[in-house]
Every structure is written in C-alpha cells, then in structure tokens.
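Undergrad: As given, the protein sequences belong to chains A and B, one line each in that order.
Just so we're aligned, residue 1 is where the first sequence starts under this note's numbering, counting upward by one.
Just so we're aligned, residue 339 is where the second sequence starts under this note's numbering, counting upward by one.
Hints should not be assumed to be uniformly reliable.
Simulated pairs of lysine to any residue, SDA-like, Cα-Cα distance not exceeding 25 Å [what the hints assert, rightly or not]:
hint	chain 1	residue 1	chain 2	residue 2
1	B	K456	A	P165
2	B	K475	A	F292
3	B	K382	A	Q81
Just so you have them, the derived chain B footprint on chain A, three or more residues with Cβ under 8 Å [to be verified]:
hint	segment
4	87 to 95
5	105 to 114
Residues from chain A shown here face chain B by an in silico Cβ test under 10 Å; the list is partial [stated by the list, open to error]:
hint	residue
6	N58
7	L60
8	L62
9	L83
10	N98
11	A156
12	R264
13	V266
These are computed hints drawn from the structure, not numbers from a lab.
Beta carbons are placed, not taken as given, at the ideal position from N, Cα and C, and that holds for glycine.
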Amino acid sequence: MKNTKPIIRIVGLSKCFTSANGEVSALENINLEIREGEIFGIIGMSGAGKSTLVRCINFLELPTSGTVYFAGRDLAQLSRQELYKVRQSMGMIFQQFNLLMQRTALGNVCFPLEIAGVNKHEARQRAAELLDLVGLTDKADAYPAQLSGGQRQRVAIARALATNPEVLLCDEATSALDPATTRGVLSLLRDINKRLGITIVVITHEMSVIEEICQRVTIIDDGQIAETGTVEEIFSRPKSQAARRLVYPAEQQIEQIIGNRSIRIVFDGSSSFEPIIASMVLEFKHTVNILFADTKNIDGKAFGQMVIQLPETDKIADGMIAYLRGKGLTVEEVEGVV
Amino acid sequence: MFKAAVIKMIVLGLGETLYMTLLSTALAYLLGLPLGIILVVTEKDGIRPQRFLNRILNFIINVIRSVPFLILLVAVIPITRFIVGKIIGSSATVVPLVIAAAPFIARLVESSLKEVDKGVIEAAQSMGASPLQIITKVMLPEALPSLIVGAAIAVTTILSYSAMAGFVGGGGLGTIAINYGYYRYQNDVMFATVALLVIVVQVLQEIGTWIANLSDKRN
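Generate coordinates for the entire structure from the input sequences, incorporating the hints supplied.
TA: If you want it as structure tokens, here you go:
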C-alpha cells in the first residue's frame with residue numbers, strides 16, 4: 001500500500017435503537033481506521049451490526065455516541081448541506097441493488113449527477129462512460145426489470161461511481177448473486193480499486209468474499225469488534241472466538257476426532273503450494289493420518305490449516321514437527337479428546 | 339325515443355357532470371397531492387419526521403373523511419356561497435366536491451408513495467439527495483403507475499359524488515336522474531342518465547388503467 005493515511009476514522013462509536021422492548025445496543029465502542037486506497041472488509045454473522053456500522057459511516061444512521069471522521073472531518077459537525085456534499089463523495093451499493101425501477105440503466109447512472117447539479121447533457125455523457133466501464137454499454141436503454149441480478153449490480157456500481165467518490169461502501173453487495181456472478185462483481189470491484197484508486201469498504205457475512213478481494217478485515221461479533229488485522233493474519237492465526245468460527249467453521253467437529261498425538265499446521269501464506277506433507281512422509285518413511293484440512297489458495301500462497309495425526313514413535317513425531325517448523329510453518333500440538 | 343329537448347338536456351347534463359368531475363378532481367389534487375406527500379414525509383420513519391404535524395394532518399383528514407358526503411354538502415353551504423356566490427348548479431357543487439375529495443386523494447397518494455421501496459430512498463439519501471430531491475426525483479416518479487391508478491379511482495369516486503349532489507340541485511346527470519326518475523316517475527330518462535354515468539365511469543377507468551400500464555416500467 002502506497003498510502004496508509006486513514007480516510008475513514010471511527011472513534012468510540014456506539015449505536016442504540018429504542019424499540020418496544022426498550023433499548024437495544026446494536027454497536028458498542030467501535031474503533032476503526034480505514035486507509036486510503038485499500039479494500040477493507042467488515043465481516044460478521046447476520047445481526048452482528050455490520051449493516052448499521054456501514055450506515056454510520058455515511059450518517060444514514062446517526063451514532064448514539066462516538067465520532068466518525070471522513071477525510072479528517074467530523075461528520076457530526078457538518079451542516080445538512082455539507083453532509084449531502086460529503087455523501088456525494090461516498091458511493092454505496094446494496095444487496096438488493098436499489099435501482100430506480102422507472103428509469104433506464106443510463107437514467108439510473110445519471111441520477112446522482114442530477115442530484116449533484118450536473119447538467120443533463122454532461123450527465124448523460126458521463127453515465128455512458130461509466131456504463132462502458134462496467135461493461136453494459138449495450139444495456140443503456142434497458143430498464144432494471146429487464147436486467148439480470150449481476151447486470152443490475154453493475155448498473156448500481158456505475159451509479160455509485162458517477163460522482164467520482166473517494167470511497168465505495170458495499171453492503172452485502174454480492175449476497176443476492178450466484179457464485180459465478182459474485183466472482184464477476186468482485187473482480188470488477190478489485191479492478192475499480194486498482195484503476196481509480198477508490199477506497200472500498202466491503203460488508204459481508206461470507207469469508208470467501210473477504211479472501212477474494214480484501215487486504216484488511218475487521219470481525220464484528222454481537223455489536224463489537226472481535227479482531228482487526230490483515231486478511232493473512234486473520235486467516236492464519238485467528239485469535240478471537242468469532243474469527244475462529246468464521247475461518248474454521250468445521251472446527252468443533254475436529255476436536256472430537258483427534259487422536260493421541262496430533263498437530264495443527266497453520267499455513268499463513270509464507271509457504272507456497274508445494275507438497276510439504278508428501279515430502280515429509282517420503283523423508284521419514286512413516287505415514288501420517290490427515291484428520292482435517294482446509295487450505296485455500298490466495299494469490300498463489302497457501303492459507304488455512306491442517307490437522308494430522310503423527311506416528312506413535314515419539315522420536316519420529318518430534319522429528320516431523322521440527323521438519324515442518326524448519327519449513328517455516330506454524331505447528332502446534334493439539335490435545336485430543338480420546 | 340326521446341324528444342329532442344330531452345336529448346339536449348341530457349347532453350347538457352353530461353357536459354356539466356364532466357365539468358364538475360374533472361375540475362373538482364384537478365382542484366382536489368392540488369390540495370390532496372401535497373397533503374399525501376407531507377403525510378408520508380413526516381411520518382415516524384419518513385425522510386423528515388415531524389410527529390406533531392403528522393398527527394394533526396391525520397386527524398383533520400379523518401374528520402373530513404368521516405362526514406357523509408350529503409351532510410358535508412349541506413354543511414359547507416356558507417363556504418360555497420362565499421366562494422362561488424351561489425349554492426346551486428354545477429359550479430357551486432365543485433366546492434363541496436373538492437373539500438370531500440382532497441382528504442380522500444391525500445390517502446390515495448399516501449398509500450401509493452408508501453409502496454416505493456425504502457431501499458431506493460435510502461440509496462438516494464446515500465448519494466446526498468435532499469428531501470425535496472427525493473420527493474421529486476424518487477418518490478413521485480417511482481410511484482407514478484400507482485398514482486395514476488389512484489387518480490382513476492379518485493375521478494370515478496368524484497363522479498358518483500357529483501351525481502349525489504343532484505339531490506340538492508347540484509346540476510349534471512345526477513340532477514336529471516333525480517328530477518325525472520324520483521320526482522316525476524319518468525324511469526326511461528332516469529335509466530338513460532344512469533347508463534350514461536356507467537359509460538363515463540367505464541371510459542375514465544379504462545383510460546386510467548391504460549396510462550398506468552403504459553407508465554409502468556417494472557416488468
């Protein structure tokens with residue numbers, strides 16, 4: 001990352017909702033810094049408060065306490081007019097696309113420009129360029145009802161980019177799309193981030209979305225931040241319970257099948273996809289039992305974990321652990337439930 | 339079948355009915371449309387909540403809507419006299435028609451605008467749209483097909499109210515139907531006027547439905 005200046009800074013943010021059953025705390029003491037030019041992920045289970053959090057970033061929801069700074073300005077101090085201006089420099093896309101159904105694709109992209117006071121002719125020209133950027137030039141005159149989900153989200157992305165925002169907020173932007181369309185939309189977002197340098201904030205409940213495009217991630221659990229770090233860190237050494245649940249969803253089951261002497265090998269991206277286990281078995285001429293493996297290939301590097309049962313002979317087992325550590329892997333013995 | 343004089347009278351009555359109905363609808367929308375917009379905008383989760391104003395408007399609308407039209411017709415006679423200068427004839431009937439129809443139209447507009455997807459309004463807010471921009475560029479255009487369906491309901495309802503005004507000399511087809519059918523037992527003239535009313539309602543409703551479908555881009 002060239003620039004690590006925070007563009008969004010959230011300090012001590014809390015949000016309470018008053019409902020019929022009294023006060024409900026949606027967010028508690030959130031502290032975050034989102035840096036200029038990065039793709040930042042906010043992940044959590046549904047109901048964790050991540051959608052409320054993203055709405056606090058552009059003040060669609062007013063925080064109960066705490067401060068949100070955008071490019072160094074405290075949003076709470078802005079007048080209504082100034083807030084409208086700031087929102088024009090933060091694009092937002094949604095799970096349900098939220099397009100104007102009575103306007104064509106082109107008309108939808110023109111919409112934020114009209115709001116910003118750009119004249120009609122200029123707006124249409126810019127909108128056409130943006131539809132070109134998202135690959136929908138031929139759909140300019142189609143109404144949203146005539147477009148597929150993926151196409152609708154592309155129109156929404158073009159619309160969100162129309163006013164040249166510095167930040168793009170994505171609220172579960174791929175959750176209503178199938179896996180193939182999701183990949184297409186995510187690669188479009190990555191491309192926009194690279195080409196236009198726009199900071200992107202991705203809200204999702206899917207770890208796969210985070211792995212795919214984010215550089216840093218924060219995990220929201222029950223209205224609080226459980227953990228924040230680079231995607232590599234969180235994937236290789238999840239510290240919090242919430243992070244472990246997201247990274248190793250099947251963990252609970254493994255703990256029960258582990259034998260006497262087992263180890264957990266963590267792939268944190270420092271080793272590439274070379275066949276380490278196979279080489280080890282060949283070297284020691286003893287087999288191991290793979291109990292669990294969940295590795296992912298991110299940018300050609302291995303992430304994830306593997307649990308293997310070692311041979312009974314202590315000497316060989318110790319040798320294997322040393323061998324793996326020698327390869328730069330993190331290895332820890334796990335106590336099994338016999 | 340009818341004498342030329344009777345036919346001439348019916349044609350004249352049709353003209354008066356259309357005049358009353360269309361003018362009243364237009365004037366009632368002038369009041370009802372902004373009222374309906376204010377109701378939606380100021381409600382609790384609207385784009386500019388104003389609890390007190392919202393409550394007062396709701397109360398006034400409910401009061402007017404609960405008065406039967408025939409009673410209202412008589413009750414507003416002083417107002418009618420003040421505005422039009424007389425209390426019988428089609429122009430005089432426009433006043434009570436507008437007073438009765440405006441709150442009804444406000445409710446129709448309210449329910450149409452509430453159909454607009456909250457997410458789309460939120461998207462507009464996220465782009466920095468002001469409440470006025472949201473009303474003119476999002477709520478009204480997005481609700482257009484539903485607003486037109488509502489207008490067809492409004493115009494046909496006002497038409498039947500205008501016929502009711504016939505009892506107190508309101509003019510138009512309603513007066514003819516009552517004078518001939520009710521007071522003179524000339525059922526043929528009454529049936530002819532009723533048939534005409536049926537045709538007018540059908541035509542207005544069809545036009546409304548046609549325009550609404552034409553304006554609907556949602557499928």
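Undergrad: Given A/N58 was flagged as interface, is its beta-carbon under 10 Å from a beta-carbon of chain B?
TA: For A/N58, the interface hint holds, since the closest Cβ of chain B sits about 6 Å away, which is under 10 Å.
Undergrad: Does B/K456 pair with A/P165 here, judged by a C-alpha cut-off of 25 Å?
TA: holds, 23 Å
Undergrad: Quick one: see if chain B covers the segment 105 to 114 of chain A, three-plus residues with Cβ-Cβ under 8 Å.
TA: This one holds; 3 residues, not fewer than the three required, reach chain B with a Cβ under 8 Å.
Undergrad: Is the shortest C-beta separation between A/L60 and chain B less than 10 Å?
TA: Where the cut-off is 10 Å and the nearest Cβ of chain B is about 6 Å from A/L60, the hint holds.
Undergrad: Please verify whether B/K382 and A/Q81 have alpha carbons no more than 25 Å apart.
TA: holds, 22 Å
Undergrad: Given A/R264 as an interface hint, is the shortest Cβ-Cβ distance to chain B below 10 Å?
TA: Result: violated, 43 Å to nearest chain B Cβ.
Undergrad: Next pair to validate is B/K475 with A/F292; report whether the Cα-Cα distance is within 25 Å.
TA: violated, 56 Å
Undergrad: Mind checking, does the segment 87 to 95 of chain A have 3 or more residues with a CB under 8 Å from chain B?
TA: Holds, because 6 residues of the segment 87 to 95 of chain A bring their Cβ atoms closer than 8 Å to Cβ atoms of chain B.
Undergrad: Given A/L62 as an interface hint, is its Cβ closer than 10 Å to any Cβ of chain B?
TA: violated, 12 Å
Undergrad: Can A/V266 be said to touch chain B, with a Cβ gap under 10 Å?
TA: violated, 40 Å
Undergrad: With a cut-off of 10 Å, does the beta carbon of A/N98 approach a beta carbon of chain B closely enough for the hint to hold?
TA: Because about 4 Å separates A/N98 from the closest Cβ in chain B, which is inside the 10 Å limit, the hint holds.
Undergrad: Would you settle whether the hint for A/L83 is holds or violated, based on the nearest Cβ-Cβ distance to chain B being less than 10 Å?
TA: holds, 8 Å
In this structure, the hints that do not hold are numbers 2, 8, 12, 13, in rising order.
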